[in-house]
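Asker: Below are the chains, spelled out letter by letter.
Protein chains: 2
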Amino acid sequence: MKPLLFTLFSDGSLLENISKKLDTNITPITLHQFPDEETYIKIDADLKNQDCVIFDSLDRPNNKLLPLIFLAETLRDLGARQVGLVAPYLSYMRQDKRFHPGEGITSKYFSNLLSNYFNWLITVDPHLHRVKSLTEIYSIPTTVVHAIDNISNWIKRHVDKPLLIGPDIESKQWVEQIANNIQVPCLILEKIRYSDHEVEISAPEIERYKTYTPILVDDIISTAKTMIETVKQLNKLNTQPPICIGIHAIFAANAYDELFKAGVSDIVTCNTIFHPSNKIDLADVILNELKHYLKWKEIP
Amino acid sequence: MKPLLFTLFSDGSLLENISKKLDTNITPITLHQFPDEETYIKIDADLKNQDCVIFDSLDRPNNKLLPLIFLAETLRDLGARQVGLVAPYLSYMRQDKRFHPGEGITSKYFSNLLSNYFNWLITVDPHLHRVKSLTEIYSIPTTVVHAIDNISNWIKRHVDKPLLIGPDIESKQWVEQIANNIQVPCLILEKIRYSDHEVEISAPEIERYKTYTPILVDDIISTAKTMIETVKQLNKLNTQPPICIGIHAIFAANAYDELFKAGVSDIVTCNTIFHPSNKIDLADVILNELKHYLKWKEIP
Numbered sequence: 003m004k005p006l007l008f009t010l011f012s013d014g015s016l017l018e019n020i021s022k023k024l025d026t027n028i029t030p031i032t033l034h035q036f037p038d039e040e041t042y043i044k045i046d047a048d049l050k051n052q053d054c055v056i057f058d059s060l061d062r063p064n065n066k067l068l069p070l071i072f073l074a075e076t077l078r079d080l081g082a083r084q085v086g087l088v089a090p091y092l093s094y095m096r097q098d099k100r101f102h103p104g105e106g107i108t109s110k111y112f113s114n115l116l117s118n119y120f121n122w123l124i125t126v127d128p129h130l131h132r133v134k135s136l137t138e139i140y141s142i143p144t145t146v147v148h149a150i151d152n153i154s155n156w157i158k159r160h161v162d163k164p165l166l167i168g169p170d171i172e173s174k175q176w177v178e179q180i181a182n183n184i185q186v187p188c189l190i191l192e193k194i195r196y197s198d199h200e201v202e203i204s205a206p207e208i209e210r211y212k213t214y215t216p217i218l219v220d221d222i223i224s225t226a227k228t229m230i231e232t233v234k235q236l237n238k239l240n241t242q243p244p245i246c247i248g249i250h251a252i253f254a255a256n257a258y259d260e261l262f263k264a265g266v267s268d269i270v271t272c273n274t275i276f277h278p279s280n281k282i283d284l285a286d287v288i289l290n291e292l293k294h295y296l297k298w299k300e301i302p
Numbered sequence: 003m004k005p006l007l008f009t010l011f012s013d014g015s016l017l018e019n020i021s022k023k024l025d026t027n028i029t030p031i032t033l034h035q036f037p038d039e040e041t042y043i044k045i046d047a048d049l050k051n052q053d054c055v056i057f058d059s060l061d062r063p064n065n066k067l068l069p070l071i072f073l074a075e076t077l078r079d080l081g082a083r084q085v086g087l088v089a090p091y092l093s094y095m096r097q098d099k100r101f102h103p104g105e106g107i108t109s110k111y112f113s114n115l116l117s118n119y120f121n122w123l124i125t126v127d128p129h130l131h132r133v134k135s136l137t138e139i140y141s142i143p144t145t146v147v148h149a150i151d152n153i154s155n156w157i158k159r160h161v162d163k164p165l166l167i168g169p170d171i172e173s174k175q176w177v178e179q180i181a182n183n184i185q186v187p188c189l190i191l192e193k194i195r196y197s198d199h200e201v202e203i204s205a206p207e208i209e210r211y212k213t214y215t216p217i218l219v220d221d222i223i224s225t226a227k228t229m230i231e232t233v234k235q236l237n238k239l240n241t242q243p244p245i246c247i248g249i250h251a252i253f254a255a256n257a258y259d260e261l262f263k264a265g266v267s268d269i270v271t272c273n274t275i276f277h278p279s280n281k282i283d284l285a286d287v288i289l290n291e292l293k294h295y296l297k298w299k300e301i302p
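Protein sequences appear in the order of chains G and Z.
Residue numbering for the first sequence follows our numbering, beginning at 3 and increasing consecutively.
Residue numbering for the second sequence follows our numbering, beginning at 3 and increasing consecutively.
Rather than coming from a laboratory, the hints here were simulated on the basis of the structure.
Worth double-checking, as some hints may not be accurate.
[Said to hold, decoys possible] For the chain Z half of the interface with chain G, some residues (derived, Cβ under 10 Å), not all of them:
| # | residue |
| --- | --- |
| 1 | S15 |
| 2 | K44 |
| 3 | T228 |
| 4 | A255 |
All figures in this text were calculated on a predicted structure; none of them were measured in a lab.
Glycine included, C-beta positions come from ideal geometry on N, C-alpha and C.
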C-alpha cells in the first residue's frame, strides 16, 4: 500500500519531485478560512490504516502550526495508521537554552508540541548548536537529511573553477567537507573587528585564486547580513563575483535583493523552502530516509 | 499573594478594569519577532509558586496560538504554581461534529490543545449549540460567564423606550430573558423565505411600537449578515432606527461599516474583543468567577 502524501503550504518542486518518484499523487485537502479567520479542513480520501506523510516547511511558523495540528488530528481521526511530518525546514532551533533569566526556551516547547502530534519527523540540516542531536529535544523518532552531497554535485556540475569560501571559523567544517567532496580549493576567512561597525576580512591567500569563482555557503539565509558583508569584503579584494549557496531560503524582508545588489553573480538554494532561487533538488535524499519510516517495498 | 496578570494581545478596557479592581499591575512580557518570523519571549518577574492568569481573546486564533502556548510553557518553566486562561472570546466552537465525511472536528482538536497547556479556562458566552457544555470538550475545569445582566443594565440605563427584537426563533430564549430582566416588550421575528435570496420578515405586532427603539441582540457579530438583513426589514416596516448589541465584536472585513450603513442608530458590544464599539464592561462578572480559581481572599 502506497503512503498518502499531504501538504498545506508547500508549492515548490520538492514535494512534486518526491510524488513523481513515488508515482503517487498528492492527496488534496480542502482548507478554507471563514470570515472570522477560523480554519475549516476536509479530506476526501479513505484513510483507514493508511500511512500518511505531511510535507510542510516550518518557516514563518506561527500561522502554520494550528492548521498543521488540525491536519494531523483529522488524519488520525479518520483512521490513519501513522502520521509523519517531513519538515524540510524546521524552525525554533535557536532558543535552545535560557541565555538570560526569564526567557522562554521556545526550542523545547516547539519540539514538545510537534512530538504530541506526529509519529516521526524528517528534516534537512536543522540549525544545531548547543543541542547536538534532535533526539535531545524530540521525543519521537527523528531523521536529519544532509544537503551537502547535493550541494557538492551542483557546484561540480555548474561552476568551472570554484573556490569554496567559509565566511568565518564556524563554517569551517562544513565548507571544507564540500571542498573535499569535489576536490577544489577552500579558504576560511578571518574577521578582524576594529569596532562594532568596522570589520575587515583577512585573506592573504586569495591572491592565488583571482580567476576562480568564490562560492559562499551557509545553512540558512535569513537576513543575509553575514553573506552581504562577506561579498562586500571579497569585492574589495577584487575577486570574481561570488555565487552564494544556502540550504534554507528564508530571505527575510528584502534580503534576496540586497544580496544581489551586493554584487553576487548568482544565489542558489536547496528546495526546502519554496523560492525562485531553488536550484538544488533534495527529493532523492529525503526519499531515502522516508523509506525507513514507510517500510514500503516498492519505493524506488 | 496576589495573582499575576499577563496578556499577549489584549489592549482594551476589560483587562485594564480587572487589574484596577484587583489593584494589581499587568506583568509586562517581552515579546519580539525575529526577522525569520519566529517569536522570542521573556518575562522579568519572580514566578516561583505564583498563580498566573493569562487574558487573551482567541478571535483570529491561528497566529495567536503558538505565542500563547510559549507564554504558558514559560510561566510554568519559571515556577508558576498554576496558569489559567481567561479567553473572553473562545474560538473554534462551530465545527463540533463531522457534518460531512472527511471533515476535521476542529472544536475538539482546539479544546484538546488548550487543555494541555492551561489549568483552567474562563470564557464569556461561548457559541454552544450541539455541545451543551464546555465540559463535554474540555478536560480542564471551565467556567462560562454570562453577559446578559450587563447587557440588560446597559439597555435600561441608555435606551428610553426599548423594544427587544429577536431576528429569528433561535434568539428567542436569549432575547426574552433580557426583556424580562428589564420589563420591556419583546418581539421574535418570523422569516418567510421565498427563495435563496428573497427573505421577508413578518412582524404584525410591530405597528404597536412605532415610537420604541428596536434593540437587536446577538452573541457574535462576525459578518453581521443576519443583523444587516433584519435592519433592512425593519426599515421597510418604518420603525425607529435600531440599536445593535453584540457580545463578541468580531466584525469580519467591513461588517461594522456595512451595519452602520444599513441604518442603525448605534452599535454596542461587550469588551470581550477590543473594538471601538465596546461599551459594556464585563470586568465585574469575570472577576466573580476568577475568585473561585484564585482562592485569594482579598479579591473585592
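Asker: Now, for every hint given, state plainly whether the structure supports it.
Answerer: A quick look at each hint next to the structure:
Using the Cβ-Cβ criterion of 10 Å, the hint placing S15/Z at the interface with chain G is not satisfied: the shortest such distance is roughly 22 Å. For the restraint placing K44/Z at the interface with chain G, the shortest Cβ-Cβ distance is roughly 5 Å, inside the 10 Å limit, so the hint holds. Using the Cβ-Cβ criterion of 10 Å, the hint placing T228/Z at the interface with chain G is not satisfied: the shortest such distance is roughly 13 Å. A cut of 10 Å between beta carbons decides the hint on A255/Z: the least distance to chain G is about 6 Å, and the hint holds.
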